[in-house]
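Given the structure of chain A, go ahead and fit chain B onto it with the hints provided.
Heads up: the protein sequence lines correspond to chains A and B, in order. Quick note, our numbering runs 1062 ahead of the 1-based positions in the first sequence. Quick note, our numbering runs 1062 ahead of the 1-based positions in the second sequence.
The list cannot tell twin chains apart, which means a pair is met if one copy fits it or any two copies do.
When the alpha-carbon atoms are kept at most 30 angstroms apart in a straight line, the in silico DSS-like pairs for lysine-lysine are as follows: (1) K1251 / K1225; (2) K1110 / K1356; (3) K1263 / K1275; (4) K1143 / K1335; (5) K1241 / K1228; (6) K1225 / K1241; (7) K1335 / K1110; (8) K1143 / K1275; (9) K1318 / K1281; (10) K1214 / K1320; (11) K1312 / K1346; (12) K1318 / K1360; (13) K1110 / K1145.
To be clear, the hints were calculated from the coordinates, so they are not data collected in a lab.
Protein chains: 2
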Amino acid sequence: MLEITFLGTGSGIPSRRRNHPAISLRYEDESFLWDCGEGTQRQLTLAKINFMHIKRIFITHWHADHWAGLIGLLQTMNLEKKKDPLYIYAPEAERFVSDIMDLGYWGPRFQIIPVNVPFEGDEETVVYKTKEFAIKSIPVNHTVPAVAYCFKERDVMNVDIKKAGKHGLRQGPLIGKLKKRGSIEFKGKKIRLEDVGFVKKGIKVVYSGDTRKCNTLLKISKDADLLIHDATFAEEFKNRMHTGAKDAAKIAKEAKVKKLVLTHLSRRYQDPKPLREEARKVFKNTVLAEDFMKMELKRQ
Amino acid sequence: MLEITFLGTGSGIPSRRRNHPAISLRYEDESFLWDCGEGTQRQLTLAKINFMHIKRIFITHWHADHWAGLIGLLQTMNLEKKKDPLYIYAPEAERFVSDIMDLGYWGPRFQIIPVNVPFEGDEETVVYKTKEFAIKSIPVNHTVPAVAYCFKERDVMNVDIKKAGKHGLRQGPLIGKLKKRGSIEFKGKKIRLEDVGFVKKGIKVVYSGDTRKCNTLLKISKDADLLIHDATFAEEFKNRMHTGAKDAAKIAKEAKVKKLVLTHLSRRYQDPKPLREEARKVFKNTVLAEDFMKMELKRQ
Chain A
1063 MLEITFLGTG SGIPSRRRNH PAISLRYEDE SFLWDCGEGT QRQLTLAKIN
1113 FMHIKRIFIT HWHADHWAGL IGLLQTMNLE KKKDPLYIYA PEAERFVSDI
1163 MDLGYWGPRF QIIPVNVPFE GDEETVVYKT KEFAIKSIPV NHTVPAVAYC
1213 FKERDVMNVD IKKAGKHGLR QGPLIGKLKK RGSIEFKGKK IRLEDVGFVK
1263 KGIKVVYSGD TRKCNTLLKI SKDADLLIHD ATFAEEFKNR MHTGAKDAAK
1313 IAKEAKVKKL VLTHLSRRYQ DPKPLREEAR KVFKNTVLAE DFMKMELKRQ
Chain B
1063 MLEITFLGTG SGIPSRRRNH PAISLRYEDE SFLWDCGEGT QRQLTLAKIN
1113 FMHIKRIFIT HWHADHWAGL IGLLQTMNLE KKKDPLYIYA PEAERFVSDI
1163 MDLGYWGPRF QIIPVNVPFE GDEETVVYKT KEFAIKSIPV NHTVPAVAYC
1213 FKERDVMNVD IKKAGKHGLR QGPLIGKLKK RGSIEFKGKK IRLEDVGFVK
1263 KGIKVVYSGD TRKCNTLLKI SKDADLLIHD ATFAEEFKNR MHTGAKDAAK
1313 IAKEAKVKKL VLTHLSRRYQ DPKPLREEAR KVFKNTVLAE DFMKMELKRQ
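Isolated chain A, as found in the complex:
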C-alpha cells in the first residue's frame, strides 16, 4: 500500500492554509519525499511522520519553494544522529546539494548523496528501483531545468482459478509455487503462469512539479491511478510558467488517469473551489489538494 500525505499545497508564497510544496510517500518500509519546501520538517512533525525514516528526497527543480526545507531537514537529521545515507535526486543535484552543504556553520556526520536526474529530452528515466516499485522521472517544461516524478509499483501476474482448473490445478500450495516461480511441473506437464494468469497492474502515481502544459507529462501519466498536477492559477490567469487548472484536467483526461489532484495553488485563491470546478468541466474526478490530506492507494 502506498500512503501519500500532502505536506504543502501552496506555491511560491505560503498562506495561512497552505505551506510550500512537499509530498510524503510511504510504501512498506520505504519513506520518501517529493519536493521539500521551507517548513517541511515541521509539517512532517505535525503530520506525525518520522523524518528519520526518510532515505530519499526527489526535488523537481531548484526554485526555493520546492527545496528550501532541505537545509533545516538535513541539519535536523544530523542533530538527531542519522546514520544511513540520504539520497537527493534532482536535475543538477550535485551542483545544488553541494551549495546547500556549504551553507552556514554545520558539519554533516552522515552521508548525503546527490543523484543527477536527466532534464533534457522527452524520455522517462528510472532513477530508483526496488523489487516492488520504481521511481521514474521525465523532463517537463518550466523556466528552469525541471522534472516530473512517477511512482510505479511492479505489475504482477495472478492466477485465474478457472483457467487453472482446466489444467486440473486447484487453490493450494501448487498455485502459490506457480505464482512465485512462474512455472511448475504438474502431472508431467509444464504449466506457465502466463497460461493461467492475468496481469494485476501496480499502482501508478505521477507528480508534475512546476510545469507548463506539456507532452512529456502526458506520456508519463498514461493510465496513472493518480495525477498530482501543478494548477497554480485558473485558466484566465495561467501564466508563462505554470499550468492552469483547465489544462491540468485536459492532461488528466487525455492520459486516462483515474483521479486528478490539483496542487501548487496560488495564495490568490483563498477559496480555490473555482479551480476545481473549472477542471471538473473537463475531467470529473478532480479534487483540490489540502495540507495534511492523506490518500492510500492499493493494487486493485
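Just chain B now, kept in the frame of chain A:
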C-alpha cells in the same frame, strides 16, 4: 511604542508548538526582525505582520535555525516586487548573505545589503540608529561567531512643572519650546531644560541569541526593561553551547532587568513550566516565550 511579536520560540528542531527563532519588532514606521529561522515568512503571515515593511533583519549567528528562513523571505519579497533595499546585519554578514544570494535559481530585483557586525571583544557597537532609537550588538559566547542585540530608545528630558513654576513658567507653548530646543529666554533669563527637567528613560530590550552564560550579555542587559534570553535547557541538562534557565535568571537578576523572557526552548520540554519555575527561584518576573506572544513596551 515598541511592539514585539515572538514568531518562533523553539530551538534547533521545531515542535508542534514552537517554530524556529524569530522575533518581530515594530516601532513607529520601522519594522525589523531579530533572527529569521525556517518558516518565518509563514509565521509573519499567521501573525498578520506585513513582511513587505521589514527593512532590516538582524541575525545573531549562522546556525540554520536562526537564518534558514531568509531564503524564502527574500525570494517572496522579490516576487512581491519589493523596491526598498533590505539590510541584513550579522557577524560575517557579507560572507553568508553572498552564499544565500547564489542559491538555487533566482535573481533579486531589489538591493540586499549585508552589514558585518563585530563578533570579537566585549564592547557594544551601535549597528543602526535613528533619531528615536539605536540597535546595538555585543559579542556573546557560543560555538560560532555570535552576538546579542539590544533595542534602546532614546532617553528624553521632560519638564518638571513644579521646578518650571519656580522660574514662573507654566504649562503651555513655552514649555513645548523648551523641550524642543533645550533652552529658552524667559523674562530676560536663559532657562535650560536640565535646570527644570528630569530624564525619561527610553525602552531597552535585549535578545541574547544563542549563548553560554556570559559577561557581555550581563553588560548590555543592564537595567533593561526586557531581557529575552536563551534558556534551551533546564539546569541539569545545560550543555556546552547554551545557557540553562537558572543561569539566564542569574543574568536577569544581576543586570537588574525588569522582566525576563525565556526562549529557544528545547523540544524536549513539551511542558516547559519547570524551566520557568527554576528561573523564578532566582528571578521572579520570568515568563516563557510562546509562538505569537505579543508584548507592547512604552516609555514610562
